[in-house]
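Protein chains: 2
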Amino acid sequence: MAHPHLLSRLIQPSRQIQASIKSIRSFTNTTSALAKVDLIRPNHKSLNLDDVNHFRAIFKDRPGSVLSSLENDPKRIEKFDLEAFNNDWLNKYHGNSQLVLKPKTTEEVSKIVSYCVKNRLAICPQGGNTGLVGGSVPVFDEIIVNLSGLSNIRSFDETSGIITVDSGCVLQSVDDFLKSKGFIFPLDLGAKGSCHIGGNIATNAGGLRLLRYGSLHGSVLGLEVVLPDEDGTILSNGMKCGLRKDNTGYDLKQLFIGSEGTLGIITGATVLTPPRPVTTNVALLPVDNYDTIKEIYALCRQKLGEILSAFEFFDQSCFNVVLRHTQQANPFSDPQSQGFYVLIETSGSNKEHDEQKLESLMEALLERSIVADGILAQDETQFNSIWSFRELIPESLGKHGPTYKYDLSIPMPLMYSLVEQTRQRLIEHGLLSPDGSEGDLIKCVSGYGHVGDGNLHLNIVAKRWDPKVESVLEPWIYELVTSYNGSISAEHGVGLMKLPYIKFSKDSKNLSILKSLKGLFDPFSILNPNKFI
Amino acid sequence: MAHPHLLSRLIQPSRQIQASIKSIRSFTNTTSALAKVDLIRPNHKSLNLDDVNHFRAIFKDRPGSVLSSLENDPKRIEKFDLEAFNNDWLNKYHGNSQLVLKPKTTEEVSKIVSYCVKNRLAICPQGGNTGLVGGSVPVFDEIIVNLSGLSNIRSFDETSGIITVDSGCVLQSVDDFLKSKGFIFPLDLGAKGSCHIGGNIATNAGGLRLLRYGSLHGSVLGLEVVLPDEDGTILSNGMKCGLRKDNTGYDLKQLFIGSEGTLGIITGATVLTPPRPVTTNVALLPVDNYDTIKEIYALCRQKLGEILSAFEFFDQSCFNVVLRHTQQANPFSDPQSQGFYVLIETSGSNKEHDEQKLESLMEALLERSIVADGILAQDETQFNSIWSFRELIPESLGKHGPTYKYDLSIPMPLMYSLVEQTRQRLIEHGLLSPDGSEGDLIKCVSGYGHVGDGNLHLNIVAKRWDPKVESVLEPWIYELVTSYNGSISAEHGVGLMKLPYIKFSKDSKNLSILKSLKGLFDPFSILNPNKFI
Numbered sequence: 001m002a003h004p005h006l007l008s009r010l011i012q013p014s015r016q017i018q019a020s021i022k023s024i025r026s027f028t029n030t031t032s033a034l035a036k037v038d039l040i041r042p043n044h045k046s047l048n049l050d051d052v053n054h055f056r057a058i059f060k061d062r063p064g065s066v067l068s069s070l071e072n073d074p075k076r077i078e079k080f081d082l083e084a085f086n087n088d089w090l091n092k093y094h095g096n097s098q099l100v101l102k103p104k105t106t107e108e109v110s111k112i113v114s115y116c117v118k119n120r121l122a123i124c125p126q127g128g129n130t131g132l133v134g135g136s137v138p139v140f141d142e143i144i145v146n147l148s149g150l151s152n153i154r155s156f157d158e159t160s161g162i163i164t165v166d167s168g169c170v171l172q173s174v175d176d177f178l179k180s181k182g183f184i185f186p187l188d189l190g191a192k193g194s195c196h197i198g199g200n201i202a203t204n205a206g207g208l209r210l211l212r213y214g215s216l217h218g219s220v221l222g223l224e225v226v227l228p229d230e231d232g233t234i235l236s237n238g239m240k241c242g243l244r245k246d247n248t249g250y251d252l253k254q255l256f257i258g259s260e261g262t263l264g265i266i267t268g269a270t271v272l273t274p275p276r277p278v279t280t281n282v283a284l285l286p287v288d289n290y291d292t293i294k295e296i297y298a299l300c301r302q303k304l305g306e307i308l309s310a311f312e313f314f315d316q317s318c319f320n321v322v323l324r325h326t327q328q329a330n331p332f333s334d335p336q337s338q339g340f341y342v343l344i345e346t347s348g349s350n351k352e353h354d355e356q357k358l359e360s361l362m363e364a365l366l367e368r369s370i371v372a373d374g375i376l377a378q379d380e381t382q383f384n385s386i387w388s389f390r391e392l393i394p395e396s397l398g399k400h401g402p403t404y405k406y407d408l409s410i411p412m413p414l415m416y417s418l419v420e421q422t423r424q425r426l427i428e429h430g431l432l433s434p435d436g437s438e439g440d441l442i443k444c445v446s447g448y449g450h451v452g453d454g455n456l457h458l459n460i461v462a463k464r465w466d467p468k469v470e471s472v473l474e475p476w477i478y479e480l481v482t483s484y485n486g487s488i489s490a491e492h493g494v495g496l497m498k499l500p501y502i503k504f505s506k507d508s509k510n511l512s513i514l515k516s517l518k519g520l521f522d523p524f525s526i527l528n529p530n531k532f533i
Numbered sequence: 001m002a003h004p005h006l007l008s009r010l011i012q013p014s015r016q017i018q019a020s021i022k023s024i025r026s027f028t029n030t031t032s033a034l035a036k037v038d039l040i041r042p043n044h045k046s047l048n049l050d051d052v053n054h055f056r057a058i059f060k061d062r063p064g065s066v067l068s069s070l071e072n073d074p075k076r077i078e079k080f081d082l083e084a085f086n087n088d089w090l091n092k093y094h095g096n097s098q099l100v101l102k103p104k105t106t107e108e109v110s111k112i113v114s115y116c117v118k119n120r121l122a123i124c125p126q127g128g129n130t131g132l133v134g135g136s137v138p139v140f141d142e143i144i145v146n147l148s149g150l151s152n153i154r155s156f157d158e159t160s161g162i163i164t165v166d167s168g169c170v171l172q173s174v175d176d177f178l179k180s181k182g183f184i185f186p187l188d189l190g191a192k193g194s195c196h197i198g199g200n201i202a203t204n205a206g207g208l209r210l211l212r213y214g215s216l217h218g219s220v221l222g223l224e225v226v227l228p229d230e231d232g233t234i235l236s237n238g239m240k241c242g243l244r245k246d247n248t249g250y251d252l253k254q255l256f257i258g259s260e261g262t263l264g265i266i267t268g269a270t271v272l273t274p275p276r277p278v279t280t281n282v283a284l285l286p287v288d289n290y291d292t293i294k295e296i297y298a299l300c301r302q303k304l305g306e307i308l309s310a311f312e313f314f315d316q317s318c319f320n321v322v323l324r325h326t327q328q329a330n331p332f333s334d335p336q337s338q339g340f341y342v343l344i345e346t347s348g349s350n351k352e353h354d355e356q357k358l359e360s361l362m363e364a365l366l367e368r369s370i371v372a373d374g375i376l377a378q379d380e381t382q383f384n385s386i387w388s389f390r391e392l393i394p395e396s397l398g399k400h401g402p403t404y405k406y407d408l409s410i411p412m413p414l415m416y417s418l419v420e421q422t423r424q425r426l427i428e429h430g431l432l433s434p435d436g437s438e439g440d441l442i443k444c445v446s447g448y449g450h451v452g453d454g455n456l457h458l459n460i461v462a463k464r465w466d467p468k469v470e471s472v473l474e475p476w477i478y479e480l481v482t483s484y485n486g487s488i489s490a491e492h493g494v495g496l497m498k499l500p501y502i503k504f505s506k507d508s509k510n511l512s513i514l515k516s517l518k519g520l521f522d523p524f525s526i527l528n529p530n531k532f533i
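Note that the protein sequences, when read in sequence, are chains A and B. With the first letter of the first sequence counted as 1, position 361 gets the number 361 in full-length UniProt numbering; the numbers rise by one all the way through. With the first letter of the second sequence counted as 1, position 216 gets the number 216 in full-length UniProt numbering; the numbers rise by one all the way through.
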């Protein structure tokens, strides 16, 4: 095993990602995603100055709470100011909203929704706007209800670890609060510095530590939701801080987890948080084929057991783009071209025990010649550096070129064959060189993801946006995933991007029930129209 | 600390419970639970011989699949034979069904449901019939669809630990299968030898190890459900073995978890199962007050961390009735009257590490004089004996006398004050002696439960069923729990028992949505009418 290698400490990945939005933007494609969707603006009313003035009255003219670009509005903000709200994080989807509302309380959200339902004005609820499928920006001129003003931690119970927060709380800030109390938020993802808890829940975010702490369907104990009815009803379901179990009636809150803002606006959440691990370790191992990763995973389950908290992989292509497009140094002492890299994290309550377990794993891996090299972080700096290397992959790919991104769920043993088959298909269609290196149109095909969850992030980096790429890849990739009994969206959601393809993961009976539920909660289709349903 | 004490090995608790149903029956109350519910038989059709013959045709006259007690039915089984299906486990609730159907496939369930919907015949779906709230037996003459014939394990993925089973599989048999593969079912409860996976999911069962593995809302990845429409539609949602994540659309399956058979009949389930712990330990500690239990819990979280898998408590009263009504010997070398007992279980992957953690906990407890005595199981026999002591509590209380049972969810620090306040109230009403000992009508008030989950099982053992007891306790106890922001059902469900009281845990808006959902899925109220909605 190689000696630990000290990397320079990096700033938080989420900030890096924020800072580099501009560079990504130059590669983005503004129309292709919508090409296959037959979108017609629903028969909603168009916004007028009376509406805007009504909202100003709700907010008692609080500065910054009503941002309007409506023509003839004497108080209007220049259209430019609404850009950050109308365009998504990757600048791929663009709405034309003329009004952004920034409520600070659930009651204000209720008043907004009530007015909009009565007046048939459509709404796009918006959290941190870090989604990847166009779910958090308007499609047409929906009013944007931005939740960032709802940012209070309402209560925390130190005995049970149950926290109640406003939905606009930023994930990182909630986790920082929990850290001070000895607890951890059961969700972690690259965008934690910007994304909101409400958005995480509305999109059923998965992230880096689902392997350890499970899905939000298990962790979220209660939700406060404003319903799209004439009263703007505030539904409180399971919002009892300190209460883990409640078995009275259908578990309504579950419907809103992953509903992508189409059934109600989440304004508050009660979440069960686990005790924060006392000690964490991370290892990065280069291996020469994907089958070896499966072997390592089996050994990790055996040797690390309950302390295994993340098991991630990325391929050589990801490794190379991170080195090329970021300040990250090669974490290994030698140049590497092993093909695959495995990141293993442990989290536990006893430093000595965890280190022994990790040593026992490493010994077994070396003895069996499964790996010949690897890094074990020796301090927090190295820990952060290794994690940063993994978390910088999406940004690096974006810097490398326009990236066609697929978030696929597939039985773990089959994961990497999807990357290989994609490469093969692009070669056959003459878009990639016959040996898999850069071709006329495609720079590289890269795979990384959450092995432990069977979640592959497949990325095709092109030289330019070209409809040819999409026509070669879609619906072929969705058909392929479906043939493996996979899902076309593991954790990103459907949003606008996968609207035409949801039928690959949901049959007509399921879809018809989804539509009935939408009709039950939102009969006038006020909330986030054209998003997946 | 006391020396470990060897107890004789006991048979599986679930079998003991089965064997003693008769002795419990003599104490049961056949009418009081219904006294406060205004039940009117819905306007369903009454069963006739043509219906019975139709079902016989569905089953192609397979012996044992159609049990009818209908008058004038030449093939009818004596009414006595339907008793086991018409009466619940505790013999507290009694239906009058004239027909029990025992399908063996999902398609047969679909044909039954389709016929019943078209002909407006009501159905009571039934699993292992081990529920405690009258949810699994008919209220009037609903046709009983007993799922015990659907008992195949459909598939298991050894990489991901994902299993797909028929809903009629018995929990114990699924766990036995998983044991042979190195995995464990993420749910465990006393009735495991009889209860079905489908029933567990339909009632959102909690049980003994929710603390470690979380709720079924997190573990269940997919459900196959027959819907109450004219086609008897078979809805398959997330039933892809080997697939952990799917983020496409509302998570429909969640609605059926805890729906108590009122929205659809669960016929199959896909569940994520964790690796089976390599090593388990259990300790039983006597303590002299409830506040100490809170201190021990905090220390357990600190010292045991991720290996803590159960944290249960019971009071002196429970301890005494187990000694009195079972073959269990006193697990301690001396007579005990400490007042409270804590059961701590660890499950982990490394025997030595787990024992060290447990030793470190014990040292801290002794050093701080939190406990002075205790048992640490030294082998599997002792492990089973200590668990049996805990699991025999419900049966022992039943043997002691007619038991008023409340399953309450309440913030952990307040849990035992509910027991004390109940005792006080019964004293004030002259039903218990002023010193809390046996009174004119009440023998004892006992508390036990899942401390880690804030789930109290409050039991009032009477000398006889007497409406006076209920009138003193209800709705007082539900009002009290509500005033503490608790829930009137932590894990048993609502069923028929708590139908009049659901308003204490769900406000009118929630109830109105529950009703709309019921109407959407089951417009003719075919499935399990009169159960909680």
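Derived by calculation from the structure, the hints in this document are not laboratory data. Please note that a few of the clues may not be correct.
Which copy is meant is left open, because identical chains are indistinguishable; a pair holds if it fits in one copy or across any two.
What the hints assert, rightly or not - Lysine-lysine pairs mimicking DSSO-like chemistry, simulated, CA-CA at most 30 Å apart: (1) 463 with 443; (2) 503 with 75; (3) 351 with 294; (4) 509 with 399.
Checked hints:
1. 463 with 443: within (6 Å within a copy, 81 Å between copies)
2. 503 with 75: neither (45 Å within a copy, 48 Å between copies)
3. 351 with 294: both (27 Å within a copy, 25 Å between copies)
4. 509 with 399: Classified as neither; 41 Å inside a copy, 49 Å across copies.
Hints 2 and 4 from the earlier list are contradicted by this structure; the remaining hints agree with it.
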